[in-house]
Amino acid sequence: MMLQIVLLTGLVLFSILAILSKDLIKSAISLALASLLLGIIFFRMGAHYAGVFEISVVAGLITVLFILTIALTKAEGEVRESKLPKLVFPLFFVVFILIDFFVMKGLLQKIPALPETAEQGTFGDVLWKQRTFDLIGQLAVILAGVFSVLALFRKRNKDE
Amino acid sequence: MSSTWFLYMAFSAGLLFVGVYCLLTMKNVIKLFIGIEVISKGVSLALLASGFVKKNTLLAQSLVVTFIVVEVSLVATALAIIINITKHTKSLDVRKLTKLKG
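From first to last, the protein sequence lines are chains A and B.
Under the working numbering, the first sequence has 31 at position 31, and the numbering climbs by one with no breaks.
To convert, take the position in the second sequence, counting from 1, and add 160; that gives the working numbering.
Check the hints yourself; a few may be wrong.
Keeping only pairs whose Cα atoms sit at most 30 Å apart, straight-line, the calculated DSSO-like set for lysine-lysine is [as the list claims (entries may be wrong)]: (1) A:155 x B:247; (2) A:74 x B:256; (3) A:110 x B:259; (4) A:22 x B:259; (5) B:214 x A:110; (6) B:187 x A:74; (7) B:250 x A:26; (8) A:86 x B:215; (9) B:215 x A:129; (10) B:214 x A:105; (11) B:187 x A:26; (12) B:214 x A:129; (13) B:214 x A:83; (14) A:83 x B:247; (15) B:259 x A:86; (16) A:105 x B:215; (17) B:259 x A:83; (18) A:74 x B:247; (19) B:247 x A:26; (20) B:187 x A:22; (21) B:250 x A:155; (22) A:74 x B:259; (23) B:250 x A:22; (24) A:83 x B:250; (25) B:256 x A:86; (26) B:259 x A:155; (27) A:155 x B:256; (28) B:247 x A:86; (29) B:215 x A:22; (30) A:86 x B:250; (31) B:256 x A:22; (32) A:26 x B:256; (33) B:215 x A:83; (34) B:214 x A:74.
None of these hints come from the bench; they were simulated from the model.
Since we're looking at a predicted model, the values are computed, not measured.
Full structure from sequences and hints, please.
The structure is reproduced here in structure tokens:
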């Protein structure tokens, strides 16, 4: 459990680094490291498929897409962020964490526990038999993504 | 509910706070999108932690996998829109997007 808490703390710290870092490339890499830690947390929870997806897709593919976009938009110059949000962030964050743990501790015995039901079968059974409709949704979303990217990057005709 | 679940929920809420803070204070479009990504990490952690403490890891995993696929599609589309916006406004500043003039 101790290791899990260390990993979760690392996840939050890298996420903070990702939003506060001045350099966008550093931000993207911090985000990838946060994804990597989240993937390891998933592995330790016994969710191997989710861990593999998190590491390969989110830490790999999305980081590549981010770095590609940063490289393509680098010519437009940097946006000057005001320093105040970065300076005030630790204060807000500490206050939020205190409230967060206080509320969670207060809720600890108040929420009625739902019954635990042990699962049977494998991940494939659950994904293909119980969540079949989700797969249709995923296909629709992937196709929508592909068509929208194609529409956004289409070449203009000469008469336009 | 067990204390493990509340621990995960507390960290997940921390991630959500970090993401929302980024969305509220930053001006760079790519930075804002990184904030959305941080929020999505918090959501997937909450989903899987809920399944984990109720010993329903398989179902939670399948939901997380669905979520990740949707996330990738969203990222691809959003980054394409960001590139187009940058070409149009010649800047990554979100404040320059206030005009809706075609």
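Going down the list of hints, with the structure as the test:
Proposed proximity of residue 155 of chain A and residue 247 of chain B is supported: the alpha carbons are some 14 Å apart, at most 30 Å. Taking the CA atoms of residue 74 of chain A and residue 256 of chain B, the gap is near 17 Å; set against the 30 Å cutoff, the hint holds. Using a Cα cut-off of 30 Å, the hinted pair residue 110 of chain A and residue 259 of chain B is violated, with the two alpha carbons roughly 49 Å apart. Distance hint between residue 22 of chain A and residue 259 of chain B is fulfilled; the C-alpha atoms sit about 27 Å from each other, no more than 30 Å.
Simply put, residue 214 of chain B and residue 110 of chain A have alpha-carbon atoms about 17 Å apart, close enough for the 30 Å limit, and the pair holds. With a C-alpha separation of about 16 Å, the suggested pair residue 187 of chain B and residue 74 of chain A falls inside the 30 Å cut-off, and the hint holds. As the CA atoms of residue 250 of chain B and residue 26 of chain A are separated by approximately 23 Å, the hinted pair is consistent with the 30 Å bound. As the CA atoms of residue 86 of chain A and residue 215 of chain B are separated by approximately 40 Å, the hinted pair breaks the 30 Å bound.
Between residue 215 of chain B and residue 129 of chain A the alpha-carbon distance is near 19 Å, which keeps this suggested pair within the 30 Å criterion. This hinted pair checks out: residue 214 of chain B and residue 105 of chain A have alpha carbons roughly 19 Å apart, not beyond 30 Å. This hinted pair checks out: residue 187 of chain B and residue 26 of chain A have alpha carbons roughly 17 Å apart, not beyond 30 Å. Taken as a hint, the residue 214 of chain B and residue 129 of chain A pair is honoured in the structure, with Cα atoms around 20 Å apart against an allowance of 30 Å.
Simply put, residue 214 of chain B and residue 83 of chain A have alpha-carbon atoms about 44 Å apart, too far for the 30 Å limit, and the pair is violated. Our distance criterion of 30 Å between C-alpha atoms is met by residue 83 of chain A and residue 247 of chain B, whose separation comes to about 27 Å. Taken as a hint, the residue 259 of chain B and residue 86 of chain A pair is honoured in the structure, with Cα atoms around 28 Å apart against an allowance of 30 Å. Our distance criterion of 30 Å between C-alpha atoms is met by residue 105 of chain A and residue 215 of chain B, whose separation comes to about 22 Å.
For the hint linking residue 259 of chain B to residue 83 of chain A, the alpha-carbon distance of about 26 Å falls within 30 Å, and the restraint holds. Distance hint between residue 74 of chain A and residue 247 of chain B is fulfilled; the C-alpha atoms sit about 11 Å from each other, no more than 30 Å. For the hint linking residue 247 of chain B to residue 26 of chain A, the alpha-carbon distance of about 23 Å falls within 30 Å, and the restraint holds. A distance of roughly 12 Å separates the Cα atoms of residue 187 of chain B and residue 22 of chain A; the hinted pair therefore holds under the 30 Å criterion.
Restraint check for residue 250 of chain B and residue 155 of chain A: the C-alpha separation of about 19 Å stays at or below 30 Å, so the hint holds. Proximity of residue 74 of chain A to residue 259 of chain B is assessed by CA-CA distance (about 23 Å); at most 30 Å being required, the pair is judged to hold. Pair hint residue 250 of chain B plus residue 22 of chain A holds up; C-alpha atoms about 20 Å apart against a cutoff of 30 Å. Of the supplied pair hints, the one linking residue 83 of chain A and residue 250 of chain B holds, its CA atoms being roughly 23 Å apart against a limit of 30 Å.
Straight-line distance between C-alpha atoms of residue 256 of chain B and residue 86 of chain A comes to about 22 Å, which keeps the hinted pair within the 30 Å bound. Distance restraint check for residue 259 of chain B and residue 155 of chain A: the Cα-Cα separation of roughly 25 Å lies within the 30 Å cut-off, and the hinted pair is therefore satisfied. Taking the CA atoms of residue 155 of chain A and residue 256 of chain B, the gap is about 25 Å. The hint holds against a cut of 30 Å. Our distance criterion of 30 Å between C-alpha atoms is met by residue 247 of chain B and residue 86 of chain A, whose separation comes to about 28 Å.
Restraint check for residue 215 of chain B and residue 22 of chain A: the C-alpha separation of about 41 Å exceeds 30 Å, so the hint is violated. Of the supplied pair hints, the one linking residue 86 of chain A and residue 250 of chain B holds, its CA atoms being roughly 26 Å apart against a limit of 30 Å. The straight-line distance between the Cα atoms of residue 256 of chain B and residue 22 of chain A is roughly 20 Å, inside the 30 Å bound, and the hint therefore holds. This hinted pair checks out: residue 26 of chain A and residue 256 of chain B have alpha carbons roughly 24 Å apart, not beyond 30 Å.
With a C-alpha separation of about 45 Å, the suggested pair residue 215 of chain B and residue 83 of chain A falls outside the 30 Å cut-off, and the hint is violated. For the hint pairing residue 214 of chain B with residue 74 of chain A, the CA-to-CA distance comes to about 46 Å; that exceeds 30 Å, so the pair is violated.
Against the hints set out earlier in the document, violations occur for numbers 3, 8, 13, 29, 33, 34.
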